[in-house]
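Asker: One-letter residues, chain by chain:
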Amino acid sequence: MTNAKGRFGVHGGQYIPETLMNAVIELEKAYDHYKNDPDFNMELEFLLNEYAGRPSRLYYAEKMTKDLGGAKIYLKREDLNHTGAHKINNVLGQALLAKKMGKTRLIAETGAGQHGVATATAAALMGMECVVFMGEEDTKRQALNVYKMKLLGAEVVPVTSGTATLKDAVSEAMREWTSRIDDTHYCLGSVMGPHPFPTIVRDFQAVISKEIKEQILEKEGRLPDAVLACVGGGSNAIGTFYHFIDDKDVKLIGCEAAGRGIDTFETAATVNTGKIGIFHGMKSYFCQDEYGQIAPVYSISAGLDYPGVGPEHAFLHDIGRAEYVPVTDDEAVDAFEYLSRTEGIIPAIESSHAIAYAMKMAKTMGKDKIIVVTVSGRGDKDCAAIARYRGEDINE
Amino acid sequence: MSNISKAFENGKAFVAFITCGDPDLETTVKAVKAAADNGADLVELGIPFSDPTAEGPVIQGANLRALKGGVTTDKVFDMVKELRKEVTIPLVFMTYANVVFSYGAERFMTNCKEAGIDGIILPDLPFEEKEEFDGICDEYGVDLISLIAPTSAGRIAMIAKEAKGFIYLVSSLGVTGTRSEITTDLSSIVKVIRENTDVPCAIGFGISTPEQAAKMSSISDGAIVGSAIIKILEKHGKDAPKYIGEYVSSMKKAM
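Going down the list, the protein sequences come from chains W and G.
Numbering-wise, my numbering puts 292 at position 305 of the first sequence, and it's gapless, one number per residue.
To get my numbering, take the position in the second sequence, counting from 1, and add 100.
It should be emphasised that the hints constitute simulated quantities derived from the structure, not laboratory data.
Hints are not guaranteed to be accurate.
FRET-style restraints, in silico, Cβ to Cβ [stated by the list, open to error]: (1) A130/W - E334/G: 31 to 37 Å; (2) D276/W - E334/G: 38 to 44 Å; (3) E126/G - T147/W: 27 to 33 Å.
Virtual Cβ for every residue (Gly too), placed ideally from N, Cα, C.
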């Protein structure tokens, strides 16, 4: 593949309409320039620290650790960021980049709504127009976030095509981008899509593992035995993994949404149940049928309800560097409740998938071991849905 | 010489797009025959895909109806074999990269050759990624059609020089669908194409009226019409072939 850019092993690439090619080439050039620009980096760091509240805390979950009786558990508190999730890390970077490129309008897809809220926030801050595409199904599951986006001045477009979830929101955002490129930047929310998005988003999220490394060395004087994060497209996971990829003794564990189980069709565990394909601008693993039709995936979590996974994750899986494990709805809901009760931290239902696996894993490890779990977002947005899941109807 | 060049020997070419299996494959066969009998010089057969990101609502709808009706890539190949008993004009597939990739590119192209498919259009396979399939396409004599868009500044010569079959010039920004007006300066794009290749160039996206077809084919080698035909299928279902024949005839006459 001499021409192909942005490859992670066989994965990645730029499988997009010709109409968008100059736009991604322009984006790549701008990013290559600004990523090494001291002023840009200073401006971004200022925003991350003063506006978003970084660095986020690495919290020793002592009660949880003692209750489970195994490995020492640290929580990387991305839920404490402004807007309540890791999404803001990427969005501030991309919005600043878009602004430098002279763009005045941001469009974005969103699943759970966290990326949409973060994009609407950055647009408000930087005085940009903002349109967010959200599956109609998700606008119902995440009504509070729809309200927030509108409050922040964004237009929210409910997407009714296909399964009316995250994948359809991505398709619709791509369609919108092909119709209006000049003034518009597509602020993609995960480490997916065509090159250079998987690289740009990863770089902006890598601050998570950069901080974890510094913080754990300060607290424990050594690296953790494993780092865990939930994986939909995989942005908080790659952010959590990135600076540990070369530290071979640190296990990298991505927790996929198994929905009702990987032996059912109602699952979104892409690495565990999908096969290699080409979709949404990238070659990677996708849930699909024998003819390559993309599967209507399912998870209780709107943010993990996606039939694909970022190409770098596909690559880390291929080379055996990272392990991707399935976590069911039931396990995630249990973890959601457990962390709330045990530590007084209400995690996003997405992050609860990682918490759930950490609970299983910690028990099997000795007390001298250390694991770090990224709490990618906070769970306020999920309370009504989880209550419904438990048969209780509450007003938001 | 590509078989597709035959489509451009009869004056300006009228290219019709039909989604296979909307509302069923029997109707597709009749619709293609009606188009061919009434002056279509080339037919693009759409193999439905679950998530057609380059399509507007009309063709998205056709894709979903076809898939709901149980159409698969294998059934489409069988249909083309039937069709080839009576239809001699060039036929090309239009689908998405994953349909070919998941089927296995070699197996897909083998079947194309056997069934009599002359080319393939993959809107999510730009120049930079064409080596994914172009070697295997060449091997089986299937032309991998290149697309050029209004936003292709600086890329037109590069794409045109390696083009095969015909060049699909996208008339406007956005996805497929009818448009009341096409404002892109297409003549200057066609000029650069002409300077770089003898491969014919047809314009598509947004064309629905005889006036638009006449205008677009006056500056290029032909006009491609999709959504307007799909709307006829949407409206008339199994009875659509008759109306498609009438429509194609009116379009071809205007060109």
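Asker: Output the numbers, in ascending order, of every earlier hint that fails for this structure.
Answerer: Hint 2 contradicted; others consistent.
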